[in-house]
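For reference, the chains in residue letters:
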Amino acid sequence: MRTSFTVEEIAKFLDAEIRGSSVKSLKGINSLKDAKKGDLSFLANKNYSALLNETEASFVILSQADAGKYDGDCLVVKDPYLAYARISHWFAAARKTNKKVSGEPAIIPTSVQIGANTSIGLNSVIGEDSTIGSNVSIGENVTIGEKAQIFPNVSIYNDVVIGKNAVIHSNSVIGSDGFGMARRDDGSWEKIAQLGSVSIGDHVEIGACCTIDRGALSDTKIHSGVKMDNHIQIAHNAIIGENTVMAAYCGVAGSSVIGKNCIFAGDVCVVGHVKVCDNVMVTARTLVTKSIKEPGSYSSGTTPLMNTQNWRRNTARFSQLDSMARSIVELKKSSKLIKH
Amino acid sequence: MRTSFTVEEIAKFLDAEIRGSSVKSLKGINSLKDAKKGDLSFLANKNYSALLNETEASFVILSQADAGKYDGDCLVVKDPYLAYARISHWFAAARKTNKKVSGEPAIIPTSVQIGANTSIGLNSVIGEDSTIGSNVSIGENVTIGEKAQIFPNVSIYNDVVIGKNAVIHSNSVIGSDGFGMARRDDGSWEKIAQLGSVSIGDHVEIGACCTIDRGALSDTKIHSGVKMDNHIQIAHNAIIGENTVMAAYCGVAGSSVIGKNCIFAGDVCVVGHVKVCDNVMVTARTLVTKSIKEPGSYSSGTTPLMNTQNWRRNTARFSQLDSMARSIVELKKSSKLIKH
Amino acid sequence: MRTSFTVEEIAKFLDAEIRGSSVKSLKGINSLKDAKKGDLSFLANKNYSALLNETEASFVILSQADAGKYDGDCLVVKDPYLAYARISHWFAAARKTNKKVSGEPAIIPTSVQIGANTSIGLNSVIGEDSTIGSNVSIGENVTIGEKAQIFPNVSIYNDVVIGKNAVIHSNSVIGSDGFGMARRDDGSWEKIAQLGSVSIGDHVEIGACCTIDRGALSDTKIHSGVKMDNHIQIAHNAIIGENTVMAAYCGVAGSSVIGKNCIFAGDVCVVGHVKVCDNVMVTARTLVTKSIKEPGSYSSGTTPLMNTQNWRRNTARFSQLDSMARSIVELKKSSKLIKH
Chain S
0 MRTSFTVEEI
10 AKFLDAEIRG
20 SSVKSLKGIN
30 SLKDAKKGDL
40 SFLANKNYSA
50 LLNETEASFV
60 ILSQADAGKY
70 DGDCLVVKDP
80 YLAYARISHW
90 FAAARKTNKK
100 VSGEPAIIPT
110 SVQIGANTSI
120 GLNSVIGEDS
130 TIGSNVSIGE
140 NVTIGEKAQI
150 FPNVSIYNDV
160 VIGKNAVIHS
170 NSVIGSDGFG
180 MARRDDGSWE
190 KIAQLGSVSI
200 GDHVEIGACC
210 TIDRGALSDT
220 KIHSGVKMDN
230 HIQIAHNAII
240 GENTVMAAYC
250 GVAGSSVIGK
260 NCIFAGDVCV
270 VGHVKVCDNV
280 MVTARTLVTK
290 SIKEPGSYSS
300 GTTPLMNTQN
310 WRRNTARFSQ
320 LDSMARSIVE
330 LKKSSKLIKH
Chain V
0 MRTSFTVEEI
10 AKFLDAEIRG
20 SSVKSLKGIN
30 SLKDAKKGDL
40 SFLANKNYSA
50 LLNETEASFV
60 ILSQADAGKY
70 DGDCLVVKDP
80 YLAYARISHW
90 FAAARKTNKK
100 VSGEPAIIPT
110 SVQIGANTSI
120 GLNSVIGEDS
130 TIGSNVSIGE
140 NVTIGEKAQI
150 FPNVSIYNDV
160 VIGKNAVIHS
170 NSVIGSDGFG
180 MARRDDGSWE
190 KIAQLGSVSI
200 GDHVEIGACC
210 TIDRGALSDT
220 KIHSGVKMDN
230 HIQIAHNAII
240 GENTVMAAYC
250 GVAGSSVIGK
260 NCIFAGDVCV
270 VGHVKVCDNV
280 MVTARTLVTK
290 SIKEPGSYSS
300 GTTPLMNTQN
310 WRRNTARFSQ
320 LDSMARSIVE
330 LKKSSKLIKH
Chain C
0 MRTSFTVEEI
10 AKFLDAEIRG
20 SSVKSLKGIN
30 SLKDAKKGDL
40 SFLANKNYSA
50 LLNETEASFV
60 ILSQADAGKY
70 DGDCLVVKDP
80 YLAYARISHW
90 FAAARKTNKK
100 VSGEPAIIPT
110 SVQIGANTSI
120 GLNSVIGEDS
130 TIGSNVSIGE
140 NVTIGEKAQI
150 FPNVSIYNDV
160 VIGKNAVIHS
170 NSVIGSDGFG
180 MARRDDGSWE
190 KIAQLGSVSI
200 GDHVEIGACC
210 TIDRGALSDT
220 KIHSGVKMDN
230 HIQIAHNAII
240 GENTVMAAYC
250 GVAGSSVIGK
260 NCIFAGDVCV
270 VGHVKVCDNV
280 MVTARTLVTK
290 SIKEPGSYSS
300 GTTPLMNTQN
310 WRRNTARFSQ
320 LDSMARSIVE
330 LKKSSKLIKH
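Residue numbers (numbering that gives the first Met the number 0), protein chains in the order written: chain S, 0 to 339; chain V, 0 to 339; chain C, 0 to 339.
No wet-lab data here; the hints were simulated from the structure. Wrong hints could be hidden among the right ones.
Put simply, identical chains are the same to the list, so a pair is met inside one copy or across any two.
Okay, derived cross-link-like pairs now, EDC-like style, lysine to aspartate or glutamate, Cα gap no bigger than 20 Å in a straight line [to be verified]:
(1) K331 / D321
(2) K259 / E139
(3) K146 / D70
(4) K36 / E7
(5) K335 / E127
(6) K259 / E189
(7) K259 / D185
(8) K77 / E53
(9) K77 / D65
(10) K45 / D128
(11) K289 / D277
All of these numbers come straight from a predicted model, not from anything done at the bench.
The shape of chain S in the complex, shown without the other chains:
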């Protein structure tokens, strides 16, 4: 199995035009921001265009338009996001090959208690005094710190790192693939290999039936002291700050960053690619649709509780809100007119 690829073979696979030195060999793929020498990168979202000037990537996948503005080596394609999706699987296979080389049995100290029917993959390490329940699946290259408690039927995918004193309740999933894909011309979807992993700090508690997805390129991160209730969803590349707590059904979409010491009531969801600063409280069922830059308490959520008949009468008016607001402005004008 291969662990690096030539620019030519990548260009051929992607039907890309090579601009620059084709003798380079590429060993990894990463974002413009995190790419190092030897890495391939891509620009698929114009919000990140400025990073073209700073990236250390050896080659960048670009559209015709963006390639015109770029001095470095690049591969020109019709749809850079789809090209990234297609080539991501080559690098996923390369990573796997790299890790397999040094496959050693898991290291499990005698102070660890392990339940029945639990499996732990190659190269994994369990910390002293940890308790792993029954029917737990721990993948390869997983590290779990000391005094962890992993309850039955938890699934931990390859490469996940979990700190000490972690508690993970039953049937939660750590490290499943982030939800990333690019659309093909025929309307079907090309999966993007999720090359990052999940990194969890110390003293983190995760409830039952939670899902924490692995990152697309870099890791999803849960910092120390975070406490999560049940049915939480943390999408790829999200970052949750120290000591933040989230009640049941809270969800954080891809690449969003939540600060320290935040308190989210039940069913708070945060859209992708936003930032919530430290010390923010959010009330139940709020949808956080934009970044929050000042500490304080925030809300959106549902309309007030009332009997269904009343509610129907009022909610029907919601679709007239804009015209109501305009009418009020007009009435004010004409009322002023009369007073004159």
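Given the coordinates of chain S, assemble chains V and C onto it according to the supplied hints.
Frame of chain S; chains V and C shown alone:
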């Protein structure tokens, strides 16, 4: 164990009046639309009354009122829905008996990788080059296509059919019972046996902690190319069209049909018995309360994000929306009056 | 391992001032309402102050202010809730010790069918004619009634009691820790040991991927005849009344009490510490923010479904609702003025 029942014994169990030829023997139960000769059917929802004229069912469970309008053979009961619930268990047992007769060990090619502590039931078939993780439970009569990846702790119930190149992430459940029951006179609930299954096409990806319930009579269907994020719920007899994608927490209630190439943002829920056409986008946290007949982007969702104090002040006014709208109409009238 | 503690050692650990007889030994910890002689209790929420006059607790953890009004024996601390959190782990260990003494193999009648890779802990009892699927984890001291059906990958924690004819679908979790913690001075969180369990009546059906948390002090209770769809969350010490049904994604926060014969549509959430009376219907996606005292149908939920452009225009006005309402009042006044 029995695989067919006489009209007399069913009538006796249901305390039903027989109208028509009692010599018939009934081998299955199905909806008016799908029933064939030899099947029992029922009418419990007047929206389906017109189907009485077309059904091929050999016997139909009807209320006194509906029986008066029906020429075919029928069983007259007080509550047809409860009668259907009660008799559904007879046909569930019959189906099970039919399948047990030919109980053969699962067929698992040598190209399949299977993790530790995984069980695969009788009559199941796993496709070439598939990977099944550890602690997976696969029931009886399950078919999984080639190159499938089933991650740890997935549960697949009996009779489920999954196409090729499927990916199912950890702790998801495929084929659990749909949520169907009829109320008894004493307020308790009679479970309706869920006789359908789940049928999943090719190249479908299902995230972690998802649930896809089996159908009540016919199958729940996920068509090829569908991609689902985590914590998705697909209720019994829902149908999801080709290449439709759903972000985390999306839910589709019973018997709703979603078209092809739809894109649902996070936490979109669709109520039961509606149709969403092809090429529909729905924004985050929308509740789809009615059928959508034109392609486009649709929304409902929560109120805008603001600080909690502001939000409380505004949301409190929601219960006055209707009276506000009426006031505006009156003010407009009196303003016109003055202008005259 | 210890099963009771002296007042002195507790006071020393909590840095508390002892008021009253320090010779007492404390065997348990409970709420003011449920504490018996020999129990420690605490007052951390002024809504429960009146219970100080009635409690049978031998010692109560109090703030300086509350201690001034209390005649009984007490431990005075700066933060009673944090003190309760810290000491709760001593009593959790004591309970565990008590149970371990009589550790006997589980009792499993020959009429019970058990799937592959299922484990059942010490002191557990499975009822006659029950079916336990594969990869199920049943903890210690669990009791399951006769004719239960537990599907694959279900996790049942220690001490849970489940009645007869229960159905629990795959990957659900019964008895995971309630989400309770107290904040330390440095902003990190002290976990509160969850000393209660879960008690489930007869003929209860629980869907797939549900979570029912154990109680903090007393038990979480699901009464007979309750039917739950998938992805349900029942928090610690909630109580669900007989024959109540809940569609997918319904959640009940801590200590809330739901009456009998209620019907909750999908995604209804109930905030903590409220009561919903019997015979209440709640429409889809409603947030129940306060107690409901009269039977009937209730709603809050999302705004109506419309095209996204329209919706954006209207929802933007939501933040002006309060000022719109004020304008209408003013316009009415000035309109009256003119009519005069």
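- Query: Hint numbers the structure violates, sorted upward?
  - Reply: Those not satisfied are hints 2, 3, 5, 8, 10.
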